[in-house]
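> If you're matching them up, the sequences are chains P and L in order.
Taking the working numbering, the leading residue of the first sequence gets 19, the next gets one more, and so forth.
Taking the working numbering, the leading residue of the second sequence gets 19, the next gets one more, and so forth.
Hints were generated in silico from the structure; no laboratory data involved.
Hints are not guaranteed to be accurate.
Each pair may be met inside one copy or between any two copies, as identical chains are not told apart.
Listed next, the in silico SDA-like pairs over lysine to any residue satisfying Cα-Cα at most 20 Å (straight line) [as the list claims (entries may be wrong)]:
#1 Lys214 <-> Asp52
#2 Lys196 <-> Gly104
#3 Lys214 <-> Arg43
#4 Lys46 <-> Val213
#5 Lys196 <-> His209
#6 Lys196 <-> Phe49
#7 Lys65 <-> Glu195
#8 Lys196 <-> His207
#9 Lys196 <-> Thr69
#10 Lys146 <-> Ile197
2 protein chains.
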Amino acid sequence: MGKTVAAFTMSLDGFIAGPNDEIGRLYKWYFSGDTDFRVPGVDRVFKVSQTGADYLKEEWSKIGAMVTGRRDFDVSNAWGGQLILGVPHFIVTHQPPQEWLGEESPFVFVTEGVETAVALAKAAAGDKNVGVGGSQIVQQCLKAGLIDEIQIELAHMLLGEGIRLFDNLADYAIDLEKIEVIDTPDVTHLHFRVVK
Amino acid sequence: MGKTVAAFTMSLDGFIAGPNDEIGRLYKWYFSGDTDFRVPGVDRVFKVSQTGADYLKEEWSKIGAMVTGRRDFDVSNAWGGQLILGVPHFIVTHQPPQEWLGEESPFVFVTEGVETAVALAKAAAGDKNVGVGGSQIVQQCLKAGLIDEIQIELAHMLLGEGIRLFDNLADYAIDLEKIEVIDTPDVTHLHFRVVK
Chain P
19 MGKTVAAFTM SLDGFIAGPN DEIGRLYKWY FSGDTDFRVP GVDRVFKVSQ TGADYLKEEW
79 SKIGAMVTGR RDFDVSNAWG GQLILGVPHF IVTHQPPQEW LGEESPFVFV TEGVETAVAL
139 AKAAAGDKNV GVGGSQIVQQ CLKAGLIDEI QIELAHMLLG EGIRLFDNLA DYAIDLEKIE
199 VIDTPDVTHL HFRVVK
Chain L
19 MGKTVAAFTM SLDGFIAGPN DEIGRLYKWY FSGDTDFRVP GVDRVFKVSQ TGADYLKEEW
79 SKIGAMVTGR RDFDVSNAWG GQLILGVPHF IVTHQPPQEW LGEESPFVFV TEGVETAVAL
139 AKAAAGDKNV GVGGSQIVQQ CLKAGLIDEI QIELAHMLLG EGIRLFDNLA DYAIDLEKIE
199 VIDTPDVTHL HFRVVK
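Chain P extracted, bound-state conformation (with noise of 0.2 Å):
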């Protein structure tokens, strides 16, 4: 049975994106290390680590779905109109945008919040683990008891000012138990279970 494991790049400071959903600087490390890295579903090759890339290709091999928030499908402008990782994607909002509905939308848009949402991604997924995107949807998901797993790519800088991932968590203090940690110049991965 595959695992529910929440993935962020994040500052220091636990932003994810400046206010205005700026990711330029955080994602810098994309840009530091002299190996190249793809991200399936995103037209552009990026420059890690070899061990980041070596991590990072074995992780992300292992998704076979995503859930994320409607927020999120915004901002990025709906990926492009492509699958990052190649996935399925059940993007959790009240409203399901009309001009992403049809047979041909890439995108399932899920209404029923996000434990229907994680429910289907898992049946869509398999064996294979489901990514969860969207720091509210993060936030339902931890005090619904539904992530397995966080995995983050801790960028070495405070960005001051944003959204933070760990945010309106009040009540739901929550253990972790390390995984792994791989320490690379530019960013460190941190990868933990969730105490349940």
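Given the coordinates of chain P, work out where chain L should sit on it, guided by the hints.
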């Protein structure tokens, strides 16, 4: 010339204490290893990993003076009247506590702000480093460009709520350079240089 180092145990979600200054859960890693670990000025023996103990013993031996804030002083009940790490303490406050003034007091109270406190602490530390504690003091020092290094003992947990170390820093984005990452079962030691 010594460095000015902000050193804290912090949860993955950025908290250095709970909403009522609780630190029990956050500091579980002080009791998680099998190597005796003593903090000079604290009458207690902790148990951490061998690598963690070696690292902290070395880093803390470099500290020659401390700067912290009145809140830290009050919450800790003046550290029981002891000097943590056995070094001079400079406490930034608007109103020095009368009961701790006088020749016998182990503490120096500084009413002129963080710049003065850091300058006094540097003079006292000589070639050694100055440790900076107290989240508000660290934030003021970061804004004033006074911090050279950040040393985070990343506790493997989400606290959900409490006192954030990196807060109130809008417009103060800072790049960090990795000095060292030390990976132990219950805490990840992250040591960064502030890029100025």
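> For which of the previously enumerated hints does the structure constitute a violation, in increasing order of number?
Numbers 1, 2 - these are the hints that the structure violates, sorted from lowest upward.
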